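Chemist: With chain A held as given, fit chain B with the ligands onto it using these hints.
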Amino acid sequence: MSRLLQWLFGRLPIGWLQLTHSRPRFAAALAGVAFANVLVFVQLGIMNSMATATLKPYEFFQPDIMISASDANSMSEGGNVARQWLFQALADPDVTGGTGLFIATVDWARETDNLALTTYGIDPTLPQFLSPAMARKISSLQLQNAGILDMFSRGLPREEAAAIRPQTPASFEVSGTTLTLYDTFQGGGGFGVDGYMMVSDQTFLTLFPKRSSAAPDHIFLQIARGADPDVVAARLRGAISDKTLRIRSFAQAAAEDQSYQQTERPTGIIFGFGVIIGILVGIVIVYQVLSTDVADHLSEYATFKAMGYPQQFFLGIVFEEALILAILGFVPGFFVASGLLVGMKAATGLPLAMTTTMAVMVFIGTLVACSVSGAIATRRLATADPADLF
Amino acid sequence: MSEDTPIAVTGLNHWFGTGEARKQAIFDVNLQVKRGSLTILMGPSGSGKTTVLTLMGCLRDVQDGSVNLMGHELNGADRAQNEALRRRLGFIFQAHNLHGSLTALQNVLMGVQVHGLPDRQTQHDAARHALSLVGLADRMGYLPANLSGGQKQRVAVARALVGNPDVIFADEPTAALDSESGMTVVKMLKKLGQMRGTTTVMVTHDDRILELADRIVTLEDGRIVRDTAPYHE
Ligand SMILES: Nc1ncnc2c1ncn2[C@@H]1O[C@H](COP(=O)(O)OP(=O)(O)OP(=O)(O)O)[C@@H](O)[C@H]1O
Ligand SMILES: [Mg+2]
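Chains A and B, in that order, give the protein sequences. Taking this note's numbering, the leading residue of the first sequence gets 1, the next gets one more, and so forth. Taking this note's numbering, the leading residue of the second sequence gets 1001, the next gets one more, and so forth.
The set of hints was computed from the structure by calculation and includes no laboratory data. Bear in mind the structure is a predicted one, so any value in this text is a computation, not a measurement. By construction, the Cβ of each residue, glycine as well, lies at the ideal position given by its N, Cα and C atoms. Each hint should be verified, as a subset may be incorrect.
The calculated label-pair distances, taken between Cβ atoms and stated as ranges, are [said to hold, decoys possible]:
{"#": "1", "chain 1": "A", "residue 1": "Ile-277", "chain 2": "B", "residue 2": "Phe-1016", "range": "46 to 52 Å"}
{"#": "2", "chain 1": "A", "residue 1": "Thr-383", "chain 2": "B", "residue 2": "Ala-1084", "range": "21 to 27 Å"}
{"#": "3", "chain 1": "A", "residue 1": "Pro-266", "chain 2": "B", "residue 2": "Gly-1017", "range": "58 to 64 Å"}
{"#": "4", "chain 1": "B", "residue 1": "Asn-1164", "chain 2": "A", "residue 2": "Gly-272", "range": "39 to 45 Å"}
{"#": "5", "chain 1": "B", "residue 1": "Asn-1164", "chain 2": "A", "residue 2": "Gly-10", "range": "16 to 22 Å"}
{"#": "6", "chain 1": "B", "residue 1": "Gly-1017", "chain 2": "A", "residue 2": "Thr-20", "range": "37 to 43 Å"}
{"#": "7", "chain 1": "A", "residue 1": "Gln-288", "chain 2": "B", "residue 2": "Pro-1230", "range": "42 to 48 Å"}
{"#": "8", "chain 1": "B", "residue 1": "Asn-1013", "chain 2": "A", "residue 2": "Ile-277", "range": "55 to 61 Å"}
{"#": "9", "chain 1": "B", "residue 1": "Asn-1013", "chain 2": "A", "residue 2": "Thr-383", "range": "24 to 30 Å"}
{"#": "10", "chain 1": "B", "residue 1": "Asp-1178", "chain 2": "A", "residue 2": "Ala-382", "range": "34 to 40 Å"}
Which chain A residues face chain B? A few, computed with CB under 10 Å, are given here [as the list claims (entries may be wrong)]:
{"#": "11", "residue": "Leu-19"}
{"#": "12", "residue": "Thr-20"}
{"#": "13", "residue": "His-21"}
{"#": "14", "residue": "Asp-123"}
{"#": "15", "residue": "Thr-125"}
{"#": "16", "residue": "His-297"}
{"#": "17", "residue": "Ala-302"}
{"#": "18", "residue": "Tyr-309"}
{"#": "19", "residue": "Pro-310"}
{"#": "20", "residue": "Thr-383"}
{"#": "21", "residue": "Ala-387"}
The shape of chain A in the complex, shown without the other chains (with noise of 0.2 Å):
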C-alpha cells in the first residue's frame, strides 16, 4: 500500500504513515466513516424502494391519459371522476378510448393474519390499458367474483401463491361474497399495502355495493398513434367542463406521485433528512480525524515548512489522508449495507437492495465529503509556524 501510494504521489506517502501509526485509531476513523456510510446507504435503500414501490401500480396499467379527482396525489388516494367526463374526453378526436378504473382496499382475513390488498377493478374487456404482462393474465376475471392476486403479496407463503392456478383456484370471503383466486402475477407490497389485487369491474361493485358504476377513482384515456399524449392531455384541460380536475399523462402522474412521497409526505422526508444527518456524520467524523492529526503533527509541519516545503505539500497530505479515509472507509460501509438492506428486504418484503447507482452516488459523496472535511481541516495548518521550533 506504502508503495503504491509512494508511486502515486512521487513522494513518501506521509499521510497513510501518519494515518496508520496508531492502527486503533486508524480502525475508529475507518470504522466511523463505514459508519456513515451505512446510515446513507440505509436511507437511500429505503428511499428507493419507496419509489419503486410507489411506482409499482403504474407498471400494471398502460393508458396514455389519467383523469383523476384534484386531489389524487397518488393513485390510491382521492376522490372519484363522474364517468361523463369520459365521454367529454371521447369527443376529441386523437381520443380513441377509455374506461374507468376502480380503486379499494380487500381485506384477506387468514389464520394467522390480515392481508391488506389494493384492488382494482377493471373492464376485462379492454385489455389494451394494461401492461402486456397484465393483459395476458386477466382472461378468468370474466368470471363472477373471480380475482388474481400478487404473488409476492407481504404475508403470503411462496408456495402457497405458487400453487395458485385456473385448475387449482384458491377462494376466500371478503363481506359475505365468496372470491375466487385463479392466477397471480408479479407485483410486491409497498409501504401501506401488503400486496395486490386485480378483480373485474361487476367484481368490484359487487364488493364494494355502495360504489357506483357511474364514479370510477380514475379515467384511463387511449389517444390515436403518433399523438403526444401531453399535447392531447392539454387540449383536454381546455375542453372538459369540470377544471378542478388532474388530466395529465400516465407518464407524468407517475413522476408527480414519486415527487409527491419523497418530498412532501412525512417519510419522504424523513428519509431524505436521514441522507443528509448520515452525510454530515461523516463530515464532522472525517474533519475530528483529520483536524486531530494535523494539530498531533504541527511540529513535525513547522519542521517540513523550515525544510522549505510550500503550502501545496501539506494540503497534498491532509487530502491523502481524506481520500485514504473515503476508499477504505466505503468499502466496508458497502459491504455491511448490502447485508443489512438483504437482511431487511427478507423481513419486510420491501424492494430493498443495493443498487450500482446508489453505490457510485455514495462513493462520489463520500469523496466529496472527505475532501469537504479535509479543507476544513486545513485551516489548522497556518499555526504550523517554523519560527516557533528554537
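Modeler: Then chain B with the ligands, alone, in the frame of chain A:
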C-alpha cells in the same frame, strides 16, 4: 561579496509584541559570516540568540535592517523566495523534531524530496549515505521511538546535511546529548564545512565546543557585545 560572505547582517532591529507590549529584542546587530566557517552564537538566556538565528534563516520576517542571505535580501522577501531559500539551508533544532511515523531513512528522505530530485534510487542512495556518515547505517528502518536521544539527533543532522545545504543553522543541537555524542555531532559539522565549504552558525552553551569555533559572537540584551576568533590568527 555574497560568494565569500553567505550571510551579511546590517543594522538589524527586531521587536516582539504589539502596542503597549511591544518590546525590542534585537538592537542594531551587524554581522558578516565567512563561507565555510563555524560561527558560534553565545550569550545568556533571553539575549536574542534564537531570534537572530531565525531571522538569518528566513524563518521569521525581517522588520528593520538588512539580512542578505546568499545574495538575497530577506527584508521584504515573499513566501516563495523564502521557501526556495530554505531549501538551500539545513536546520538542526534543539529537539530533534523527527516525524514519529517515519523511519530514520524516511525522515532523511524528507530532506531529499524537498528538492524534487530525479528518481527514487538516487534519493534513497543519498539518504543512506547521509545516515552512514552519522554512523547509523544499521538503524535506517527504525522509528524514532526506538532510537536513543543521541541517535535521533544524528538522524536530524543527517536530514539537515542530505540536501547539501549551503548554510546550516543549529540551535543548541547538543543540548539533548551527552558531551561525547555532542562533540561527535559538532566535529562532523566542522569537517563538512572544510570539505564542502558549508557555512555553519550554531547557538551553544557547551564550552567544549567553543574550541572548534572559527569565530565566537556573544550577545547580551539583544546586542553584540563581543566578537572574537580566539583559536585563530
Ligand atoms: N515569540 C516571542 N514573543 C515575544 N517575545 C519573544 C518571543 N521570542 C523571544 N522573545 C523575547 O526576545 C528575547 C530574546 O529571546 P531569544 O529566544 O532570542 O533568546 P535566546 O538568547 O535564544 O535565549 P535562550 O538561551 O534561553 O534560548 C527574550 O527577551 C524573549 O523574551
Ligand atoms: Mg534560544
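Chemist: All hints, please: hold or fail.
Modeler: Here is how each hint holds up against the structure:
1. A:Ile-277 <-> B:Phe-1016: 46 to 52 Å: 47 Å, holds
2. A:Thr-383 <-> B:Ala-1084: 21 to 27 Å: For Ala-1084 of chain B against Thr-383 of chain A, whose Cβ atoms are near 23 Å apart, the range 21 to 27 Å holds.
3. A:Pro-266 <-> B:Gly-1017: 58 to 64 Å: 59 Å, holds
4. B:Asn-1164 <-> A:Gly-272: 39 to 45 Å: The hinted range 39 to 45 Å is violated for Asn-1164 of chain B and Gly-272 of chain A, with Cβ atoms some 60 Å apart.
5. B:Asn-1164 <-> A:Gly-10: 16 to 22 Å: 21 Å, holds
6. B:Gly-1017 <-> A:Thr-20: 37 to 43 Å: 42 Å, holds
7. A:Gln-288 <-> B:Pro-1230: 42 to 48 Å: 56 Å, violated
8. B:Asn-1013 <-> A:Ile-277: 55 to 61 Å: The hint (55 to 61 Å, Cβ to Cβ) holds, given that Asn-1013 of chain B and Ile-277 of chain A are roughly 57 Å apart.
9. B:Asn-1013 <-> A:Thr-383: 24 to 30 Å: Since the Cβ atoms of Asn-1013 of chain B and Thr-383 of chain A sit about 27 Å apart, the hinted range of 24 to 30 Å holds.
10. B:Asp-1178 <-> A:Ala-382: 34 to 40 Å: 38 Å, holds
11. Leu-19: It holds, given that the least Cβ distance between Leu-19 of chain A and chain B is near 9 Å, below 10 Å.
12. Thr-20: 8 Å, holds
13. His-21: OK, holds: His-21 of chain A within 10 Å of chain B, min 4 Å.
14. Asp-123: 75 Å, violated
15. Thr-125: Nearest chain B Cβ about 78 Å off; hint violated.
16. His-297: 8 Å, holds
17. Ala-302: This hint holds: Ala-302 of chain A lies near chain B, its Cβ roughly 8 Å from the closest one there, short of 10 Å.
18. Tyr-309: 6 Å, holds
19. Pro-310: Because about 5 Å separates Pro-310 of chain A from the closest Cβ in chain B, which is inside the 10 Å limit, the hint holds.
20. Thr-383: Violated. Min distance 15 Å.
21. Ala-387: 4 Å, holds
Of the hints listed earlier, those the structure fails to meet are numbers 4, 7, 14, 15, 20, in rising order.
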